[in-house]
Each structure stands twice: as structure tokens, then as C-alpha cells.
Amino acid sequence: VITAGNTVEYSDWIGVAVAFPICFLMALGDAATGSKLSKVFRSDVAMEAMYIPIAFPNGRPFLHGALTAAAFMVGSAESFIATSILNAFNLLPRKDIPALPAFAKRAADYYETLTAYWTSGMEHADFIDRQRKVFEESWRAASREAPTPELRSVIYRMASGLIALRDTMNDGRYSEDMLEHIWHPLMPDIVDMRLEVVYWLRTTAKPIRDDKEIEQTDLMNLATELSSRLSQASITYSEKVVEGESSLSPANDIVRFQFAMSLIAKFAILSDEFYNLVRRQQKEEAHSLKWYNWGGRFCRYMKECKEYWIHWWHLPFWAYGNMTLRQRLVHPLRLSLTITLFAFPLVAWAHKE
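Heads up, the sequence shown is in our numbering, so the first residue is 5 and it goes up one at a time.
Misleading hints may appear alongside valid ones.
Unchecked claim - Within a straight-line C-alpha distance of at most 20 Å, the following computed EDC-like cross-link-like pairs (lysine to aspartate or glutamate) qualify:
1) Lys270 to Asp130
2) Lys210 to Glu277
3) Lys43 to Glu219
Stated by the list, open to error - Ranges of calculated distance between the beta carbons of each label pair, as one might list FRET restraints:
4) Gly248 to Glu141: 48 to 56 Å
5) Glu219 to Gln331: 26 to 34 Å
6) Gln331 to Thr152: 40 to 48 Å
7) Thr87 to Asn256: 34 to 42 Å
8) Arg134 to Glu184: 24 to 32 Å
In case anyone wonders, no lab produced these hints; they're calculated from the structure.
Yeah, the Cβ is synthetic: ideal placement off N, Cα and C, and Gly gets one too.
Generate the whole structure from the sequences, applying the supplied hints.
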């Protein structure tokens, strides 16, 4: 355009001036603006690639522009190929733990804490609620990443069970008679089930090969046994109350205790269901993730790319941050003005040389 408008030859002075609005548009892609363009290109690299042929054409702007574009294309291709190869062999560092293994670990930690402290009332509330906050973040992330409705449903039920178990602590400690005649006899069973639940949940973070059988847990049997022992302990406690060997606990404590114990046993059953669903999903994906299955890996990569760009397309233009429009535009305007004003003395220096 500049060459066509200039009857003599390409003018780098005019080129730098005309490039200002384009420079401003590229500066909108800087991460500091909060624009979704920052996820598409590096604004500093784009501006550098643009100003090399515009401000320093050396009489051949088109040749310099083509060489600059080719150099950046080759550099981008090398980075893409190297990254793809490393990713294919799982050699790239991961920023975050995947959502499902993270949920399994957080659920195991929170369940372990609740089953250890739920009879203490609000004595350890601060410590428990710190874990609850982390757990709630993990189950929301896992529900979004769940590949099937069945797994998502299990995650919802596991989360609601632990949240309900935490809420039973709000009314304080239980009566000493109930703890002595029901809780203490059941402690060995609860400890055994807690260890099993924590173990199997944390085991889901370890991938399984497609040629390996899914190990069966004993959580269903442990939950059934605990429920049976709870009924027996409750009957024994009632008999002691009738015989005058123990005092009757408040009705609220009895209902709350029975409800909490049912949640503890139910969570073990849900953990078994979660474990088996995750393991079956891992076995289905194991073959497609083998190092020699390039077709499966490519399809998986293209699917992830498609999901990424669909998500990016639906983002608002100012997708990140809570700044005003003026605050967002100050940085790209200042940047483009600085680059333009700094380019003119360089052009003059180049002409002088």
C-alpha cells in the first residue's frame, strides 16, 4: 500500500507512521489488557516481526518481510513439533493435577478428617473447614471434567454426603453415654473402613493398563458390616437404658448420630462405585494413549483443540480481569506510542549511516 501510494519508492518513514494503528491492535493482545487475544498470539513477538521489515527494509521491504515471516514460521514449527513429541511420551511437566485424581485425593483427605473428628462437635471446626474449602473446589472441577453422566452423579453424591456429614457437627458433641455404648465399640470397624476408603480413592490416581484386571474393593462388605454392627450396638444401648445401666441420650443426638453413621457407610459404597467407574474409563482410554497409537493420540489432541477454540470463541473480548475499558486501553496505547516514537530516531539513524 505504501509503495503504491509513493511514486518514487517505499518510504520507511511513512511505513512506521501507518503501522501505528496496527501496532495498537496487536498491543491489545498483551496479557495485561485481559483480552482473549492474549490466548492467540504473543503481542511482543507480533510487533517485532512487523517492525523489522517496515522500519529497516534496506531498500527491499518485501524480501525482508518474507524472510522475517519465514523465520518466525520455522521457529514456531520447531517449537510445535518438539512440544508435540514430548507430550506424546508424557515428558512435559504438568501445571496442575487432573481434576478427577485431584478430587479423589481431596475426598480421601476430607473423609479421613471427618471420620476422625465428627464426634468432637465444633472443637476442630477451623481445621475442618479449611479442608472443606479445598474439597469443594475439587469436586466442582471434577464434575465439569467427568466424562460420563454416571461418574458425574457419583461425584455429586459423594460431595453432598461429606458436606452433610460436616453439617452434623454444628449441634456440638454427643452425649457421653452414646459415645461409650455405641461409638467406642464401632471404632475398630470405622477405622478399618476409613483406611480402605482412603486407600482405594488414592489408588485411582495411578493409571491402569488396558491389559490389567480391575482390582475389586471390599468397601461394600465393610459398609454392610458397619451398618449391621451399628444396629447391634444400638439395640445393646437401648437394653442398657431400659435396665437403668445407662441414661437415655437426647432425641436430637440419637437421630444425628444415626444419620452421620449412615453417611459414613454410604460414602464407602459411593467410593467403590467411583473407583470402578474411573478404572473402567481408564481402561478404555489406556489403549488410545499407548505410545505407538499415534492415530488415537492425534484424534484426542484434535478433540482437545476443538474444545479449546470453541470455548475461546464464546469468551467475551475482555475475558480476564475486572478493569474498566479505560484501564485496559491505557497499556496498549502507551506501548504503541512508545514503539512508534522510538522507531523514528532509529530510522533517522539508519538513513544517516
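Here is what the structure says about each hint:
1. Lys270 to Asp130: It is violated: about 25 Å lies between the C-alpha atoms, which goes past 20 Å.
2. Lys210 to Glu277: With a Cα-Cα distance of about 17 Å, the restraint between Lys210 and Glu277 holds, given a limit of 20 Å.
3. Lys43 to Glu219: violated, 42 Å
4. Gly248 to Glu141: 48 to 56 Å: holds, 51 Å
5. Glu219 to Gln331: 26 to 34 Å: violated, 55 Å
6. Gln331 to Thr152: 40 to 48 Å: holds, 43 Å
7. Thr87 to Asn256: 34 to 42 Å: violated, 60 Å
8. Arg134 to Glu184: 24 to 32 Å: holds, 31 Å
Going down the numbered hints, you'll see the structure goes against 1, 3, 5 and 7, while the others check out.
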